[in-house]
Structures are given as C-alpha cells and as structure tokens.
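Colleague: Add chains B and C to chain A, keeping to what the hints say.
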Amino acid sequence: MSIDQTVAEITRLVGGQAEGDAGLRLSGIAGLSDAGPQDLSYLDLAHQKYLAAAAATKAGCVILPAAARGAACPAPARIYVENPQRAVRLVLEALAARQPRPAAGVHPQAVIHPEARLGAGTSVGPFSVVERGAEIADGAVIGPQCYVGAGARIGRATRLYPQVTVREGCVVGERCILHPGVVIGADGYGFDTDRRTGTHHKVPQLGNVVLGDDVEIGASSTVDRGKLPRDSTVIGAGTKIDNLVQIGHNCRIGRGCLLVAQVGIAGSTTVGDFVVLGGQVGIAGHLRIGDGAQVGAQSGIMADVEPRQILFGSPARPHREAFKLQAVYAKLPEMHAAIRDIRRKLGLGSEEPGRKSEA
Amino acid sequence: MSIDQTVAEITRLVGGQAEGDAGLRLSGIAGLSDAGPQDLSYLDLAHQKYLAAAAATKAGCVILPAAARGAACPAPARIYVENPQRAVRLVLEALAARQPRPAAGVHPQAVIHPEARLGAGTSVGPFSVVERGAEIADGAVIGPQCYVGAGARIGRATRLYPQVTVREGCVVGERCILHPGVVIGADGYGFDTDRRTGTHHKVPQLGNVVLGDDVEIGASSTVDRGKLPRDSTVIGAGTKIDNLVQIGHNCRIGRGCLLVAQVGIAGSTTVGDFVVLGGQVGIAGHLRIGDGAQVGAQSGIMADVEPRQILFGSPARPHREAFKLQAVYAKLPEMHAAIRDIRRKLGLGSEEPGRKSEA
Amino acid sequence: MSIDQTVAEITRLVGGQAEGDAGLRLSGIAGLSDAGPQDLSYLDLAHQKYLAAAAATKAGCVILPAAARGAACPAPARIYVENPQRAVRLVLEALAARQPRPAAGVHPQAVIHPEARLGAGTSVGPFSVVERGAEIADGAVIGPQCYVGAGARIGRATRLYPQVTVREGCVVGERCILHPGVVIGADGYGFDTDRRTGTHHKVPQLGNVVLGDDVEIGASSTVDRGKLPRDSTVIGAGTKIDNLVQIGHNCRIGRGCLLVAQVGIAGSTTVGDFVVLGGQVGIAGHLRIGDGAQVGAQSGIMADVEPRQILFGSPARPHREAFKLQAVYAKLPEMHAAIRDIRRKLGLGSEEPGRKSEA
Numbered sequence: 002m003s004i005d006q007t008v009a010e011i012t013r014l015v016g017g018q019a020e021g022d023a024g025l026r027l028s029g030i031a032g033l034s035d036a037g038p039q040d041l042s043y044l045d046l047a048h049q050k051y052l053a054a055a056a057a058t059k060a061g062c063v064i065l066p067a068a069a070r071g072a073a074c075p076a077p078a079r080i081y082v083e084n085p086q087r088a089v090r091l092v093l094e095a096l097a098a099r100q101p102r103p104a105a106g107v108h109p110q111a112v113i114h115p116e117a118r119l120g121a122g123t124s125v126g127p128f129s130v131v132e133r134g135a136e137i138a139d140g141a142v143i144g145p146q147c148y149v150g151a152g153a154r155i156g157r158a159t160r161l162y163p164q165v166t167v168r169e170g171c172v173v174g175e176r177c178i179l180h181p182g183v184v185i186g187a188d189g190y191g192f193d194t195d196r197r198t199g200t201h202h203k204v205p206q207l208g209n210v211v212l213g214d215d216v217e218i219g220a221s222s223t224v225d226r227g228k229l230p231r232d233s234t235v236i237g238a239g240t241k242i243d244n245l246v247q248i249g250h251n252c253r254i255g256r257g258c259l260l261v262a263q264v265g266i267a268g269s270t271t272v273g274d275f276v277v278l279g280g281q282v283g284i285a286g287h288l289r290i291g292d293g294a295q296v297g298a299q300s301g302i303m304a305d306v307e308p309r310q311i312l313f314g315s316p317a318r319p320h321r322e323a324f325k326l327q328a329v330y331a332k333l334p335e336m337h338a339a340i341r342d343i344r345r346k347l348g349l350g351s352e353e354p355g356r357k358s359e360a
Numbered sequence: 002m003s004i005d006q007t008v009a010e011i012t013r014l015v016g017g018q019a020e021g022d023a024g025l026r027l028s029g030i031a032g033l034s035d036a037g038p039q040d041l042s043y044l045d046l047a048h049q050k051y052l053a054a055a056a057a058t059k060a061g062c063v064i065l066p067a068a069a070r071g072a073a074c075p076a077p078a079r080i081y082v083e084n085p086q087r088a089v090r091l092v093l094e095a096l097a098a099r100q101p102r103p104a105a106g107v108h109p110q111a112v113i114h115p116e117a118r119l120g121a122g123t124s125v126g127p128f129s130v131v132e133r134g135a136e137i138a139d140g141a142v143i144g145p146q147c148y149v150g151a152g153a154r155i156g157r158a159t160r161l162y163p164q165v166t167v168r169e170g171c172v173v174g175e176r177c178i179l180h181p182g183v184v185i186g187a188d189g190y191g192f193d194t195d196r197r198t199g200t201h202h203k204v205p206q207l208g209n210v211v212l213g214d215d216v217e218i219g220a221s222s223t224v225d226r227g228k229l230p231r232d233s234t235v236i237g238a239g240t241k242i243d244n245l246v247q248i249g250h251n252c253r254i255g256r257g258c259l260l261v262a263q264v265g266i267a268g269s270t271t272v273g274d275f276v277v278l279g280g281q282v283g284i285a286g287h288l289r290i291g292d293g294a295q296v297g298a299q300s301g302i303m304a305d306v307e308p309r310q311i312l313f314g315s316p317a318r319p320h321r322e323a324f325k326l327q328a329v330y331a332k333l334p335e336m337h338a339a340i341r342d343i344r345r346k347l348g349l350g351s352e353e354p355g356r357k358s359e360a
Numbered sequence: 002m003s004i005d006q007t008v009a010e011i012t013r014l015v016g017g018q019a020e021g022d023a024g025l026r027l028s029g030i031a032g033l034s035d036a037g038p039q040d041l042s043y044l045d046l047a048h049q050k051y052l053a054a055a056a057a058t059k060a061g062c063v064i065l066p067a068a069a070r071g072a073a074c075p076a077p078a079r080i081y082v083e084n085p086q087r088a089v090r091l092v093l094e095a096l097a098a099r100q101p102r103p104a105a106g107v108h109p110q111a112v113i114h115p116e117a118r119l120g121a122g123t124s125v126g127p128f129s130v131v132e133r134g135a136e137i138a139d140g141a142v143i144g145p146q147c148y149v150g151a152g153a154r155i156g157r158a159t160r161l162y163p164q165v166t167v168r169e170g171c172v173v174g175e176r177c178i179l180h181p182g183v184v185i186g187a188d189g190y191g192f193d194t195d196r197r198t199g200t201h202h203k204v205p206q207l208g209n210v211v212l213g214d215d216v217e218i219g220a221s222s223t224v225d226r227g228k229l230p231r232d233s234t235v236i237g238a239g240t241k242i243d244n245l246v247q248i249g250h251n252c253r254i255g256r257g258c259l260l261v262a263q264v265g266i267a268g269s270t271t272v273g274d275f276v277v278l279g280g281q282v283g284i285a286g287h288l289r290i291g292d293g294a295q296v297g298a299q300s301g302i303m304a305d306v307e308p309r310q311i312l313f314g315s316p317a318r319p320h321r322e323a324f325k326l327q328a329v330y331a332k333l334p335e336m337h338a339a340i341r342d343i344r345r346k347l348g349l350g351s352e353e354p355g356r357k358s359e360a
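Residue numbers (our numbering), protein chains in the order written: chain A, 2 to 360; chain B, 2 to 360; chain C, 2 to 360.
Okay, chain A solo, but in the shape it has when bound:
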C-alpha cells in the first residue's frame, strides 16, 4: 500500500503547514523509529516518550503538532498541524479507500430466504444465512459465514466481518462495523429460581438489540437481547466497543461512548453519553452511569455514578480519592509499626485491641 504523494499533496490533504522539501515524494507511513527517507511519520504528543524518537528519526517527512514547533526533528520535510492524530487518520483513510471492497452481489453459496430483502449494492459472502423477513439495506456488506436472523435489519453501508451472528429481530444502524465473532441478540441471562429446589427456570428473552448508527463492535463481543417483547438493549450512535466486551440484557448505552476490551456490564444498567470505560471494567446491574463519566481500567462499579465523575478502583471511588488511598495503602507496614511503637511507649503492650493469641 504505497502513498505515492508529495509532501505538498499530503499537506493539502491534512490541512497543515509544510516546512522543508515540499516536493519530496513519499511512499510509505511508519512510526518514528521505523520510518526511512521515503516515509511519512508523525509525532503524537500524547506519549511524551516519543519526543526523543522524533529527534532521531530517519523519516523523509514528519507530521508534528503546531505546539511542538521547537521540537528537534531532522527530517528534510515537516508538516505542522493542530492535531497529528487527525492528520494521520486522513492519510490512512486515503490509503484505506484504495483497498479492494467485497464485490456487490450474493455469493451462490449463501442461503437467503426468499422473503428477505436485500438493498442495492449489498454484498453477501459465502456460507452466510439471511433468514425470513430480514432486511439488508443498500450498500451493506455481510461477510462470509454470517448469520442474520428472521426480521433482523442491517443498516445502510454497515459491514459485518466473517462469522458474525445477529439474531432474530435485532436492528443494526447505518455505517456500523461488527468484527468477526460478534454476537448480537443472544438471550439475556435471566432465570426464575425456585427457592425450595434451587432449580433455575429460564425466563424467555423476547426483546431485541438496537445498535445506533456508526457503532463499532470488536471481535467476539456479545450484546444480549432485551427480556420483554418490547424491551431493547440499546447501544447509542457513535459508540465504539472493543473486543470481548459483554453487554447484558436491557442495558442502554448512550452515544459516543468508548468501551475498552473485556468490559462487562450487567443487565438493566443505563450508561450516559460519551462515557469512557477502561479495559476489564465491570458494572453491576440496574445502575445509572452519568454522561461523560470516565472509569479506569479494572474498576468495579457497584453504585450509580454522577455525570463527569472520574472513577478508579474496585469498588470504584473518585480517582483522586482512589489514588490517595493507594498511596497511603503503600505505607501500611510503617503505620502498623508506628502503632506498635506508640503502644509500647504508652505501656499498652504491643498487641492491638481485639487481637487474639494468634499474634
């Protein structure tokens, strides 16, 4: 995948200001340490440790943040932009646009129910199954080996990678991306337990899942269907979910959220808009997480969260408090020794109150 553009052309593409050899023709894009004289590279200040790499790079051209005008960078050409991440994204989008797309049409080895409806320019790969009443909107791509259940709806220009399951009645928005192994609309985890015998009777799960537009869901993540016939588990527009994430039945996740890998959210929890959940975060059921809340990796949420709170820990606390507690926690042995010394000094013995012979 060759860029094959000059520094001047890329500067126009990303809306920046060029310095140095604007006529230099670039063929590739690579990290600061990997790039050679034909390559574009970039400095992302989000990780300060990459400043030294910028000073030592062999790249032909480096995209730099305007804020780093003073940073050392020996590249023969430099492009200054407000936001290097955005600039790199635009370059990669231009490259991605040249990749082959699956051809439109239904593979002869797909099984499409005669009462399913396929829009213009849709693509259905080999060994995929589209059941009765399902709708695949214009330009949607159903990869190989996918399952689209009865009455399910796949929005315009949405892409299902191989081996995705969308069960009956579920609704996927426009321009969504579902990565391999995603399961949309499996039964929620609901049982009615007989207290006498302990038998767990399955509660039928008759709702569906509704994904808004521009939702992306990572490989092997699972979103369970709602319980009652009119219940939907909802993922709001623009929310991006990483791999191996679990969303329980009847959850409502807002718009523009980021759920990092291996997050788990139990049933009936409502998550506001633009919430960020770090990797492996767990959230109990029937809670309400406010707009803009941010939760650090591996945290456990067991109570409602106010909007814009930043939480950390298991159980989670406001992050400043959590960090403070962690800092004091590290002093526990010294605190324990200090108490023993004080007690000795005061003639109270070296044992804490309430402790038994196990010392």
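Calculated directly from the structure, the hints in this document are not laboratory data. It should be emphasised that the depicted structure is a prediction, and the values quoted were computed from it without experimental measurement. Among these hints, one or two may not hold up.
Identical copies look the same in the list; a pair holds intra-copy or inter-copy alike.
With a cut-off of at most 27 Å between alpha-carbon atoms, the simulated DSS-like pairs for lysine-lysine come out as follows [stated by the list, open to error]:
#, residue 1, residue 2
1, Lys332, Lys346
2, Lys325, Lys50
3, Lys50, Lys346
4, Lys346, Lys325
5, Lys50, Lys203
6, Lys50, Lys332
7, Lys203, Lys325
8, Lys59, Lys346
Modeller: Chains B and C only, in chain A's frame:
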C-alpha cells in the same frame, strides 16, 4: 408478539388473585414505566427503586407480590402472586411457545457424515457439519454453521444456536441451550516446560467435556476438554453459564450453579452445587469450592472455600470482613494523619519507623 | 484410546527406571484416584495434596519423580523419572499420534480463490473460505467453517480448528494451533476523537498480525492487527495463549510466553520473552514488560516492568510487597481501634483529624 388474554385468563395462568377489572383484555407486557393501558406489567421487589414506578404506572394490569398489598398502584387491574418473577416467566413462556421453531430436517447444505446418527425430529441448519459417529438425539436443533465433532453426543431437545463448536467426543445433555459462539471441548491449557530451554511442549488433551441436562451456556463462552483420555470437564445439571466465561480443563462444576459473565475458572477446580459466581470472578486451579458458596463480582479466589461461604474481594474474604476492611480502608488518610499527630505529641518525630529519606 | 503397552515398554518411552512388575500390560492412563489395576497413573509433586492419593491408589503402575523414592505407593509397578509431567506428556503424545487426522484435500464445499496457493498435503474443511493470494503451506489443516483472508499466510503443519478467522495479510507461523473462535487481525481499537463534538472517527487499521512458529492460541481469543500499513502485532515463537485473551494492536509479545485465560493487553505494549501472565491480568498500553517477568492472576499493570520481576495486585507491586500489604490490610480494623484507644488515652478525643460530623 401479542398476549391477547384477559386479566382473568392471566390470573389463572400465573395462579394469582385478581383485583379490579378482570375482563380487561391485554395485548402486551412491558416495564412499569413503559406500559400503557393495554399492557400487563409487574413489580419486582428485588429492586425497591421500582416502587415509585408502580405508583406512577399507566399499565392496564400489574402483577404484584402478595407482600406489597399496601403498595400504591393505580392500574385498573392488579394480580397478586407469591412470586412476580415466576408469574412473568409463565407469561413469557406462553408467548415464547408461539414463536416459530426451526423446522425438523437436515438442510441440504449441511454436511452430515454417513455414520452420524440423527434422532427423530432433529433439525440441522445450513453449513453445519456433523462428523463421524456423532449422535443428535430426538428433537435436538443444530443451528446454522455449527460444528459437532466425531463421536460427540447432543442430548434430546437440546438447542445449538448458530456458530457453536462441540469438539469430538464431548457430551451435551438434554434440553441444553448453547448460544452463538460457544466452544465446547477445545484443548485444555497444558504444557510441559523444559526448564533448561524454556520451551513449552504441548501436553495432548485427550479427555472430553460432559454437560448435564438443562445446562445453558452463554455466547462465546468456552469449556475446555479434560487432559487424560478418561478425564471429563463436567458441568452439572441445571447450571447456567453467562457469556464469555472460561472453564479450564478437568474442572467439575456442580448442579444448579450460576456463573455470571466473564467468570474464569482455572483447571482442575471443583465447584459444588448451587454455587453463585458474580461477573468477572476468577478462581485459581486445583481448588475446591463448597456447595452453596457465593462469590461477589470481580473477586479472586486463591484458596478452598467452605460450603455456603459468602466471599468478596481480590483476594476474596468472607463478605462481612471484606466490607468492614473496605470501610476502614476509606479512613486510611485520617489514620495516617492521626498517627503523625500522636507521634508528634509524644515527641517521636513525624516520620514512621523504618521509612527512609524519601519521606 | 487404549495404551496397550507393558510397563517395560512405557519405561523405555519415558526414559525412566522401573520397579516391580515390568511385564504388566497397561490399557489406560488416569489420575491416582481414578486409576484401576490395568491403568498407568502418575504423581505430580507440584501439588503436594496428591501424595495421599499416591499412597491409596489402585493403579497398576505409577510414574513417580525420582525425588519421591520414599513416597508410599502400593502399585504393583512403579516407574521413576526425573520429571513426571514430561513422562506423561510422552505417553499422551504416543496416544494422540494414533488419533485420526483430517484427510488431505479440499472439501468440495469449501470456497478457495483460484489465486490462493495450497501446499502439499493440506486439508481444507467444508464451508471454509480461502481468499485471493492466501497461502496455505504444506501439511496445514484448515478446519471446517474457517476464514483465511486475502494474502494471509498459514505456515507449514499449522492447524486451524473450526470457525477460526485470519483476516487479510496476516501471517501464521509453522506448527501453530488456533482453537475454535480465534480471531486474528481484526481492526485495532483506534479512534481520532473530535474534541468539540465528541465524535470518534475511526482510524483505519492497515497493518497485520504475525504469529511466530509453535504459537498456540485458545478458543475465542483475539489478536488485533497493527495500525500503520507496515505495523505488525507480533506474537513470538513458542508463546502459548489461553482462551478469551485480548491482544491490542501493535503489541509485541516475546517468545515462550504464557498468557493465561482472559488476559487483556492494550495497544502498543511490548512484552519480553518467557513472561508469564496469570488469568485475567490486564496491562495498559504503551508499556514495556521485561523478559521473564511473572504477573499474578487478576493483577493490573500500569507501568513498565523490569525483567524477572514477580508482580501481584491491582495496581501491581512486587509480590513480596503486595503480600505484605495484604497481610497488614487484614489488620486494619485493629489498627483503627488501636489509634482510637491511643487518642483517648492521650486526651485527643476519639475522632481522627480531618474527619467531619459524619463520624
């Protein structure tokens, strides 16, 4: 999915006592806040916050626990029952029974080995593979794109949703439900590491998995096969496993357990009957978890657990102790300050013993 | 699966020293408690609790570590070896070698692009898809329902179990094993967020994944592709990954590592050689984990780790320190009471400094 029954008919179905307009015909079922005048709803006292919703509902009929006779509820009809969860389950079962079932028969695009045995009324979906010697018992449904390995046995009336893998020799009980992406019988994680070179030699995994009757396993969960030829990883009858759960080789999980999403159990651990493991719980290998134990979400178990213990935390402790410790943990900064004050008062300096210049 | 060998033959196979009835013919292999008079069993000293089982076993022959010459064991034959795990592995390998292997050849219901290249003796199962330019090297087995993307390369003698996805351009080494549901090369989790609107623009992920030789990846684990066209997410030779593990884009995992189930590693983190990560460990992005580091289950890594460090906890600390802190943590209530007593004794009141009326 319309209910289309009167309050009187539903009262009979759920075995309750009706109050108000017993002739009211209901068309749907919905949560207290969503329900309209044609809808059935219900109050589940497990979540007290729903009491206010009961007082404000627009539902035509509400199922209430007998214990909530005094609760405010303006619905024109009310049905009192011992257990609303059970009542709702019965209503949903009646609705679910009207859903279309996959037709019996083998799809022409399934690959069934001539030496596989299919019982009466079985259904095998398109692109599924059933290998030599596998047995699919009467009434079992093998969804599309499933894999049933050589000699595997699928019990009567069991259902495999799309894209389930059951590897060779594994045994699935009767009336089990395996959701999309489930993997039964992958190799256990076993290596013989050469201490000199660090090379990990794979130990062949020659056992199988045995699922009891009425086991349900959530989407993309994995249960590894036993190590020795006669070893089974066992999931007891009636145990319900949520999504993205991992069960290591040679584990024995008892009857009637509940394993919530993203639980992981390392190899050779034995879990008793009616054990409840909250979401993201991890259990180390070669342990014994007693009958009826309950473990809070995100807890980590590193030692045997007595029957009926209730544990919490990582590492897990008896829940009362864990909550107590959490409560005192929150006071750490004040404890730290108190020790400093006491030391100052006693002329011991403000430093704890054993601390170096890093202050 | 019958062993059908004498004690003498097995002694030769495992390179040990026999005691007792060397002519005894064995038919099976089983754990100490399960084995009968025709069975081989073994004592693995890694778990001391099995010593009692050795003394009570009914096995015909037991493999014992040379270090356990004194251990009680009533079996009519005993084989002493340096390393029982290795001996059992050799016996199981001999058994596994007798299992039927998938026949070479392409199933008529697989879809192979005419420009894909298949080596000698390869096997491709039903309903698998191999795209344009993909290469399947000699002796590789592509199970049923797998997807091998355009230009992907599968190494010699590698095995893909059913329902594995290897996306375009990814490279799998020789003798690798990918278990059912594995996803190699899904898009990394990368977004360029507009700070004004909160919109997350997808950053195309144009790199690939490179798995070294002898890599094994457990069921439903996911390894994301690199971001830039020349970026690879790399898993080093001989590394063994358990089920439901997530490896973020641009990670570089070294050789000979062990990643236990449900581990998650965020993007751009480098893990050295022979690192061991316990179950459910989480590692933040852009970190460097030194060679030979070991991290206890459920730990969370938020900073670089030196070679050979042994860490535990979330956030992780050197394990001795972590265990010490855990031990003192358990004394928190007594420490709290002691401080209160001291303050009372010194006439300071029973309240800690800085605490308000909430007592």
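Colleague: Taking the earlier hints as the rules, which of them does this structure contradict?
Modeller: 3, 6, 7, 8
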